[in-house]
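Heads up: the sequence lines are chains F and A, in that order.
My numbering puts the first residue of the first sequence at 56, with every later residue one more than the last.
My numbering puts the first residue of the second sequence at -17, with every later residue one more than the last.
Treat the hints loosely; a few may be bogus.
Under the rule of at most 27 Å between Cα atoms (straight-line distance), these lysine-lysine pairs were calculated in the DSSO-like manner [as the list claims (entries may be wrong)]:
#1 Lys448(F) with Lys28(A)
#2 Lys474(F) with Lys172(A)
#3 Lys220(F) with Lys109(F)
#4 Lys144(A) with Lys28(A)
#5 Lys474(F) with Lys492(F)
#6 Lys339(F) with Lys109(F)
#7 Lys446(F) with Lys492(F)
#8 Lys446(F) with Lys28(A)
#9 Lys325(F) with Lys339(F)
Between beta-carbon pairs, the in silico distance windows are [what the hints assert, rightly or not]:
#10 Gly449(F) with Trp150(A): 39 to 47 Å
#11 Ala188(A) with Ile349(F): 16 to 24 Å
#12 Ser74(F) with Arg102(A): 31 to 39 Å
#13 Gly380(F) with Ala188(A): 16 to 24 Å
#14 Val165(A) with Val135(F): 54 to 62 Å
#15 Lys322(F) with Ala166(A): 45 to 53 Å
#16 Ser428(F) with Trp150(A): 35 to 43 Å
Everything labelled a hint here was simulated from the structure, so no lab data went into it.
Bear in mind that the values here come from a model prediction, so they are computed numbers and not experimental data.
Heads up, the beta-carbon is just placed ideally off N, CA and C, and yes, glycines get one too.
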Amino acid sequence: MRDVPAAPPVLRMAGVSKSFGATRALDDVTFELGRGEVHALIGENGAGKSTMMKILSGAIAPDAGTMEIDGRPYAPSGPVDGLRCGVSMIYQELTLAPHLTVAENILLGRELDTAGWLDRKAMERKVREVLDLVRHPEISPDVPVGRLSVGAKQLVEIARALSNKSRILVMDEPTSSLSQGDSQRLFEIIRGLKGQDVSIIYISHFLEEVQRVADSYTVLRDGRSVGSGTMEGTSLDDLIQLMVGQKFTQLFPRVDHAVGGTVLSVKDLKGTRMTAPVTLTLSKGEILGVAGLIGSGRTEMLRALFGLDEVEGGTLVVSGAGLAGRRPWTRIRRGLGLLSEDRQGEGLALSLSVADNMTLSDLAPYRRRGLLSPARQRRAVAGLVGELKIKAKGPGQKVGDLSGGNQQKVALARLLHQKASVLLLDEPTRGIDVVSKSQIYEWIGGLAREGKAVLFVSSYLPELLGICDRIVVFHRGLIVESRPTAGWTAADLMAAATVGRSSREQHPDQRNAE
Amino acid sequence: MSRQRRPGLGKALNIFGPFIGLLLVIALFSLIPEVQGRFLRFANFKSVATQSVIVALGALGMTLIIIAGGIDLSAASNIALSSVIAAYAVNAGAAPLVAVLLGVLTGGVVGMANGGLVTRLRLVPFIVTMGMMGIARGAAKWIAGNQKIDAPMTWVNELMAKSPRPSWLLLAPGIWIVILFAVALAVLLKYTVFGRHIFAVGSNEATARLCGIRTDRIKILVYTISGLFCGLSGVMEFSRLTVGDPTVAVGLELDIIAAVVIGGGSLNGGEGSILGTMVGVLIMSFLRNGCTMMGWPNYIQEIIIGAIIIIAVTLDRLRHKPE
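The whole structure should be built from the sequences, with the hints applied where relevant.
This is the structure:
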């Protein structure tokens, strides 16, 4: 009977909005989830999916809007309250205790007892019940979770949600770290859960998989719901168009620059954390964009290039000199500079001053007879602070006190200060305001004009299309395509990143030719 | 920006906090009639300073380690081992200078071993140095044959004399040595590339690596330097006791760490200063001294010092609240 159209939705979110400071993360979003429905939530990074799910789970409260579960108002006071109302999140980073057994994990915090003594029999019975739903050869109640594979762990996490009688499961990129076989098994289990009237919100960047597993979809873009409907009769290209929208490249100041000779060439390079070897060349005055989903291997390649991870195989030549090993200082000496994607965790030493952070990679100019002159350090830095329009009280201010955009400029200024000629930029504009963004684009263009080479990793397609000369796309550890920017559209890039090849209608010949 | 008020307050606490604490302690005992007369005397201050030398030398090195984000639990054992080695050498007829150098070098070797293990085996400093605490203490007892090593009096024993031999020195040579090295280390931290790198490693090791700093090398150097200071502290211990005692300074590593923390060092790394540490050492010494004069039992001192450590760390947390 559950296919009767009048059946009330299990979950209803109406007019939900949320702002963080000046950024509007969610704007008047309405969302309905039917009983036993698998509903895909789709959107680029930063479109508002995780904010929406945090609101649903009770981790954060919305600024406006209402939620209902089974027609009753739902306003969770926190994640525990959300869980009690039947909403379970299954996160990418698993939240299991590795030293405890499968059974102990499943019933963690909800142990069955008689007068404080664990009732092992009853617990085992309950665990077996839910494990029947998520059968997997590795899983039995008394195995420590730490010994399970990632896929099996995820199933334990699902079992935990089921034992909690959750009727709404949120799966955030559930297959991103699963093997092909484990993914298949997960899809089967999802089908089984539908039969049990469990509703699932399925978040994934892998669109083909979404198409296969979901009944309906909602696409978020810039915090708004830009479309939703049933998956039947909706093509991949429809979804991609909705995701990227019609926003295009005027925002991006174009600085004229000429591409020169090769400065960095990488052949079959394999770092310890890369899943496959990569081949790539970068020329003077070139801005080379690197597209791909988070976790597709872009950052791992940069880390190997810069010597933060050990290079296991292949060759890396910068300005004619071969480089190897795990020694970042040899890279810096050869003119490489890396901007980390993790600004606060790796990019900057937050408790140190602006001046120290900018000059840390090259303190030699401020040393005379072994002694450092902080005054000259500050004077040298003052110029860069002005040039990059960094809003700080002075070079002595702690970097941790600056806003995100200004912190990023400090990290960029370090590369300028060390006079890097090959810049590896990992998500340089992530999480910063629009004004700082366009300043950074202009600055990158200026560097290219000076003949510097830029490798520009980004998940934000419009900026890649806006400022790069050429774009390569990573998919599951491999570079799947490389074209001049003029040969790409946002939809093509999205298709290559999510499916591993560019969309079918537009470039069938090209694909066959390669 | 709404945050701008807090850092100002935090900065003031940062710089003046330890000093205010020290002045409070001194003022407190100066106001109590029973001890006033004896407490506020140059002779008393001199003896407090002399008693501080051993902890102060250990704390100088510990400051570097804590700024670099590490910890050294083996410091006190290292001091005992070095004092035993120095006594052993004097006893065996070595020239006093050779004995002193041997003592200092012993400390350096232990420190270098700490640094090597931390960086090569990628182990947590807490664990490595806890192991080394046992190893160094055991080695000291072994070498000393589980008893005190007597040694003939030499000029080494003058280092900790309350009334120094050339009387124009005014203070024990050990105190002058502490002052000399304190100034040297303060300059090192603030005005050398090495000093900047120590702060960078402690503030964010990943950033330091990203900036091409050889973080392992920095850490080994820091632990080695700290070890050398423990060695020197051990020599002072020998000078004071006139024997090499392998059971001396048990638990002293905690006093040393406490001094650094009271002085503004953060166990998360990236913060701390030599001046603060020295004030921290003096706060603890004056407290002990005042309590003893008051005739308060030992356990009262322990409770007070324990409370001071907690207060100091709470202030440390308040300072970091804006994040």
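Here is how each hint holds up against the structure:
no.: 1; hint: Lys448(F) with Lys28(A); in the structure: violated (44 Å)
no.: 2; hint: Lys474(F) with Lys172(A); in the structure: holds (25 Å)
no.: 3; hint: Lys220(F) with Lys109(F); in the structure: holds (20 Å)
no.: 4; hint: Lys144(A) with Lys28(A); in the structure: holds (7 Å)
no.: 5; hint: Lys474(F) with Lys492(F); in the structure: holds (22 Å)
no.: 6; hint: Lys339(F) with Lys109(F); in the structure: violated (44 Å)
no.: 7; hint: Lys446(F) with Lys492(F); in the structure: holds (14 Å)
no.: 8; hint: Lys446(F) with Lys28(A); in the structure: violated (50 Å)
no.: 9; hint: Lys325(F) with Lys339(F); in the structure: holds (24 Å)
no.: 10; hint: Gly449(F) with Trp150(A): 39 to 47 Å; in the structure: holds (46 Å)
no.: 11; hint: Ala188(A) with Ile349(F): 16 to 24 Å; in the structure: holds (19 Å)
no.: 12; hint: Ser74(F) with Arg102(A): 31 to 39 Å; in the structure: violated (49 Å)
no.: 13; hint: Gly380(F) with Ala188(A): 16 to 24 Å; in the structure: holds (18 Å)
no.: 14; hint: Val165(A) with Val135(F): 54 to 62 Å; in the structure: holds (56 Å)
no.: 15; hint: Lys322(F) with Ala166(A): 45 to 53 Å; in the structure: holds (50 Å)
no.: 16; hint: Ser428(F) with Trp150(A): 35 to 43 Å; in the structure: holds (36 Å)
In summary, the structure is inconsistent with hints 1, 6, 8, 12 from the numbered list given earlier, while agreeing with the others.
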